[in-house]
Structure formats: C-alpha cells, structure tokens
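Letter by letter, the sequence shown follows residues 90 to 570 of our numbering.
What the hints contain is simulated information worked out from the structure, not anything from laboratory work.
Every value quoted in this text rests on a predicted model; they were computed, and no experiment measured them.
Do not take every clue at face value.
[Claimed, not checked] When the alpha-carbon atoms are kept at most 25 angstroms apart in a straight line, the in silico DSS-like pairs for lysine-lysine are as follows:
{"#": "1", "residue 1": "Lys523", "residue 2": "Lys419"}
{"#": "2", "residue 1": "Lys379", "residue 2": "Lys342"}
{"#": "3", "residue 1": "Lys549", "residue 2": "Lys481"}
[As the list claims (entries may be wrong)] Using C-beta positions, here's what the derived DEER-type ranges look like:
{"#": "4", "residue 1": "Ala353", "residue 2": "Asp127", "range": "45 to 53 angstroms"}
{"#": "5", "residue 1": "Lys322", "residue 2": "Arg241", "range": "22 to 30 angstroms"}
{"#": "6", "residue 1": "Gly430", "residue 2": "Met489", "range": "37 to 45 angstroms"}
{"#": "7", "residue 1": "Ser359", "residue 2": "Ser271", "range": "31 to 39 angstroms"}
{"#": "8", "residue 1": "Met525", "residue 2": "Arg178", "range": "52 to 60 angstroms"}
{"#": "9", "residue 1": "Ser426", "residue 2": "Val106", "range": "54 to 62 angstroms"}
{"#": "10", "residue 1": "Arg480", "residue 2": "Asp407", "range": "41 to 49 angstroms"}
{"#": "11", "residue 1": "Asp407", "residue 2": "Lys549", "range": "37 to 45 angstroms"}
{"#": "12", "residue 1": "Asp407", "residue 2": "Gln336", "range": "49 to 57 angstroms"}
Beta carbons: idealized from backbone N, C-alpha and C, even for Gly.
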Amino acid sequence: MNTAHGPGAFNFEQAAVRLKSELILPDPLKPGSGASIDTRTLGAGDVFFALRGNHQDGHDHLWEAFRRGASGAVIRKDYLKKTRERIFRERSLFHNLIPVADPEAALRDLSALFRSGFSAVGLGVTGSVGKTSTKEFLSFLLGQKYPVLSSRGNYNNHLGLPLTLFRLKPEHLYCIAELGASRRGEIRKLSALLKPRVGIITGVSAAHLEGFGSLDSVYEAKLELADALVQQKGTLVLPDWDPELIQRARRRKVSLLLFGKNRASDFRLSRVQSQDGWVTFEVNDRWEFKFPGYASFQAENALAALAASFAAGAALGDWPSVWKEIEFPKGRFEVFSPRAGVRFINDCYNANPYSFEKSLEAFRAVEGSGRKILVLGDMLELGSHSLDYHRKLGKSIREMKFQGLLTVGHWMREATLICEKEGNPPLTLHFEDKGMLSHFLANFLKPGDQVLFKGSRAMKLEEVIRALLPAVSAQRLSHSL
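Let's have the full structure, built from the sequences with the hints guiding it.
Structural data, given as structure tokens:
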C-alpha cells in the first residue's frame with residue numbers, strides 16, 4: 090500500500106475497497122504504520138484488528154486501542170451496528186473504521202495487499218524441529234550486512250505472519266518468516282502471503298501427528314513450501330539425511346541446495362565440537378564458525394541458515410567467524426546455574442521424537458565429570474503413535490548411560506518402565522506430579538550435577554525449574570536454541 094503519506098503506509102481507503110466495505114469516520118491525516126491484535130502491545134499508528142477468540146473479544150478493547158493511538162480499526166459489521174450511535178457520540182476518539190464480516194480474514198487479506206507493495210526477498214523456514222533457531226541464525230547472518238525484517242519469536246501462524254508483514258518498510262531487503270503448521274494446507278496459505286524466493290525445511294519427523302494423521306501427511310504439508318517456491322522460481326534448502334524428503338522435493342521440480350554431513354552436499358558440516366561454552370564447526374573444509382552455547386546439534390541449523398543466505402545472494406566469506414551476538418529464544422537448551430556447582434539445561438520449549446534424540450545426544454556431549462540427570466515430561470500430539478514413541482525413547486535412554494532419569498506424565502511412565510527393567514539409568518523414578526518431582530530434586534542434587542529438562546510445551550517443566558531456583562535470580566551461564 091503506497092500512498093501520499095509515503096511507501097509502506099496503510100491506506101484505509103484502499104483497504105476498504107479491497108474488503109468491499111466502507112470507511113467510517115475517515116481521517117487521511119492518520120495513515121496506519123503497522124498492525125495489532127492486542128492493545129497491550131499496540132503502538133501509536135497501528136491499525137487495530139478486533140479479533141474474537143475463545144476467551145477474549147477484541148471489540149471489548151476498541152476504546153482502549155484508540156486511547157493508545159490506533160490509527161484505525163477493522164471491526165465486525167454487527168458490532169458497529171450495535172455501537173454506531175455511541176461511537177458517533179464519541180467521534181473525537183475514533184477514526185478510520187472499516188466494518189467487515191470477519192476481521193481475522195481481513196487481517197490476512199490486507200497483509201497480502203500490503204506485502205505486494207514491497208520488493209523484499211521472502212525467506213520461509215519450516216520443519217518439524219529447529220524452525221525458530223534456524224530463523225534466528227538466518228536473521229543474524231543476513232542482518233550483519235543488510236536491512237532485514239524477521240518474525241518475532243514464534244510468530245509463525247495465520248495471525249503471526251500477517252502481523253509480521255505489516256512491519257515491512259521500504260528499506261527492508263529481506264523478510265524472514267517462520268512457517269508453522271499442525272495440518273495440511275496451512276503452509277500453502279502462509280506461503281501465499283509471504284511469497285518466498287528461498288525456503289528451508291529443517292527436517293521432517295513425527296510432530297503434531299494428531300493434526301496431520303501420518304508421517305506421510307507431514308511430508309506433504311512441509312513441501313507445500315516447495316510448491317510456492319516453484320511459482321516464485323526460488324530455491325529450497327534441504328537436509329541431506331532425509332532421502333524421502335529430497336525425492337519428494339525433486340518430483341516438484343524445485344531448485345535444491347542440500348546441507349549436512351554428506352560429501353556430495355552443497356554445504357557440508359564437519360568438525361562439530363562443544364567446548365568451554367562454545368559450539369564450533371567447519372563448512373566445506375574451508376570456513377570455520379563458532380557461536381555461544383552447548384547445543385552441538387544447533388550447528389546443523391546454523392548450516393541450513395548459511396545455505397539459505399547463499400541462496401539469497403550472500404557468500405560464506407561475507408560472515409564473521411565468531412557469532413558472539415547471536416541470541417536465542419528461551420527454553421531451547423538454555424543453561425542456568427541454580428546453585429554452586431549445579432547446571433540446569435532448560436530445553437522445555439517443545440518436544441518430539443527427533444528433537445528428543447538431538448537434545449539427548451547434545452547433553453551427553455556436554456563437558457563435566459558429575460552426574461547427568463534427565464528430567465523428562467511427555468511428548469504430546471503424537472496421537473495413536475504415543476505409546477510406541479515413548480517406548481522407543483526409553484530404549485534410547487537405556488543405551489546412553491545417564492546417571493538418573495526422573496519423569497512425569499502419563500506417557501513418560503512407559504519410557505521409565507523400559508529403563509527400570511534394565512536398571513539403567515541406575516536411578517529411575519516416575520512421579521505423579523511436578524510438585525513431588527521438585528521436592529525430590531531439591532534434596533537430591535549435589536555439586537557437579539548437570540540436569541536436562543525436556544518435554545512438550547504443555548507439560549510446563551519450567552515450573553520445576555522455577556521451584557528449584559533461589560529467591561535471587563539464577564546466574565545465566567549461556568543459552569542456545
């Protein structure tokens with residue numbers, strides 16, 4: 090939307106025409122400069138979209154939105170009909186109202202219109218694991234030299250992506266977005282908004298199977314990004330360790346770049362080490378990079394980001410070898426010291442079989458001579474496969490020689506039983522609730538212990554961590570996604 094107010098301004102008249110609506114109380118001196126669905130974070134000039142959710146209705150906060158400086162609002166027609174008299178009575182507060190049947194659909198529609206006014210190269214990141222970390226690596230790399238817009242946190246759905254697109258400015262050369270999905274068709278819709286020219290699929294594994302139904306469906310859902318890239322004549326970045334994913338992508342005739350440890354891959358990973366709070370790795374036996382943290386598996390995500398930055402027009406020689414300023418979201422292999430000599434690793438953001446495997450391998454490789462203890466919660470949304478995957482996890486843990494396994498959750502009991510039968514780990518206990526688990530850990534830990542906390546988001550294992558932290562904030566040693 091380009092107007093007399095300058096490129097990137099939200100044109101309310103144009104929006105009303107697009108939505109086949111009318112503009113109530115127009116004020117051309119108040120062009121929009123962003124979008125919001127939450128008055129708590131609404132900035133001056135934002136367009137407020139009054140969405141109705143399960144527990145909140147944005148229309149209840151319409152007055153607050155304008156008091157906070159909203160430039161206009163997209164509201165339901167039936168709401169305007171009920172409140173029109175009051176709104177006009179208080180017309181000094183309101184301006185640029187667009188009534189529609191469905192404000193949520195309007196948010197998506199207008200974000201597509203807004204996106205069409207910018208030439209920024211779109212980069213989309215999806216996959217069953219590592220989306221957010223890969224997106225952060227990619228944003229960090231391209232942001233070293235170019236103006237970049239990146240989706241915040243995990244703004245990766247039908248609401249988060251449109252809100253991200255409304256933050257586009259003329260100076261942005263790249264727009265990087267995470268694309269999430271729990272069923273087929275969702276990535277296709279998100280890609281239609283983003284219009285990516287570069288895409289990454291970090292990997293495909295058993296995640297959100299309740300929504301997808303099968304692993305085959307997960308593959309097809311993620312490859313909706315490939316279909317969008319074909320339309321844009323773009324490039325798809327894929328891991329070399331998944332031949333099924335590569336074969337399906339090639340059938341779509343999309344241009345590919347492969348990353349991984351295979352010598353034939355375009356971007357080859359080698360010499361990965363986690364030491365002294367840094368992860369180091371080499372690319373194509375030539376370039377060495379390092380970033381802070383303990384999660385050695387993150388080198389794969391960093392490699393994917395390097396490949397995508399190359400596809401977007403950059404060169405490996407453009408980037409510094411030390412990525413000291415990289416920041417990762419909380420809850421992804423995040424390291425704390427709750428007391429002298431004890432290290433907690435919080436990997437509680439989410440969990441599926443693949444991410445569990447990578448997290449356990451990285452934890453096993455972390456330096457230290459003390460006990461390594463697992464505190465685990467259920468992997469959720471696996472549907473009818475839940476029992477099998479938790480039993481497989483138990484078998485993997487049994488072979489890894491950890492010193493302790495403490496679990497909570499209905500399904501994690503199955504993993505515990507597998508380990509109990511073999512007596513490995515030597516300490517294996519299942520708890521009925523997180524309170525009992527916290528109480529046990531508080532008395533069990535000793536200097537030198539390292540504890541990995543991992544489970545699905547809904548398990549809220551961070552509550553156990555908080556229960557064990559002293560009143561004074563824990564020293565944050567390092568963090569890695």
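Each hint tested on the structure:
Using a Cα cut-off of 25 angstroms, the hinted pair Lys523 and Lys419 holds, with the two alpha carbons roughly 20 angstroms apart. Restraint check for Lys379 and Lys342: the C-alpha separation of about 35 angstroms exceeds 25 angstroms, so the hint is violated. Distance check on the hinted pair: Lys549 and Lys481 sit about 23 angstroms apart at the alpha-carbon level, within 25 angstroms; holds. Separation of Ala353 from Asp127 is about 48 angstroms and conforms to the stated range, judged on CB atoms against 45 to 53 angstroms.
A beta carbon spacing of about 29 angstroms between Lys322 and Arg241 agrees with the range 22 to 30 angstroms that was offered as a hint. Range check, Gly430 to Met489: about 23 angstroms between beta-carbon atoms, so the 37 to 45 angstroms window is missed. The given range of 31 to 39 angstroms is respected by Ser359 and Ser271, whose C-beta atoms sit roughly 35 angstroms from each other. A hinted range of 52 to 60 angstroms holds for the C-beta pair Met525 and Arg178, which are about 58 angstroms apart.
Between Ser426 and Val106 the Cβ separation comes to about 58 angstroms, which falls inside the hinted range of 54 to 62 angstroms. In this structure the hint that Arg480 and Asp407 lie 41 to 49 angstroms apart at CB holds, the actual value being about 47 angstroms. The hint said 37 to 45 angstroms for the Cβ distance between Asp407 and Lys549, and at roughly 41 angstroms that hint holds. Checked against the hint of 49 to 57 angstroms, the pair Asp407 and Gln336 fails, with Cβ atoms roughly 32 angstroms apart.
In summary, the structure is inconsistent with hints 2, 6 and 12 from the numbered list given earlier, while agreeing with the others.
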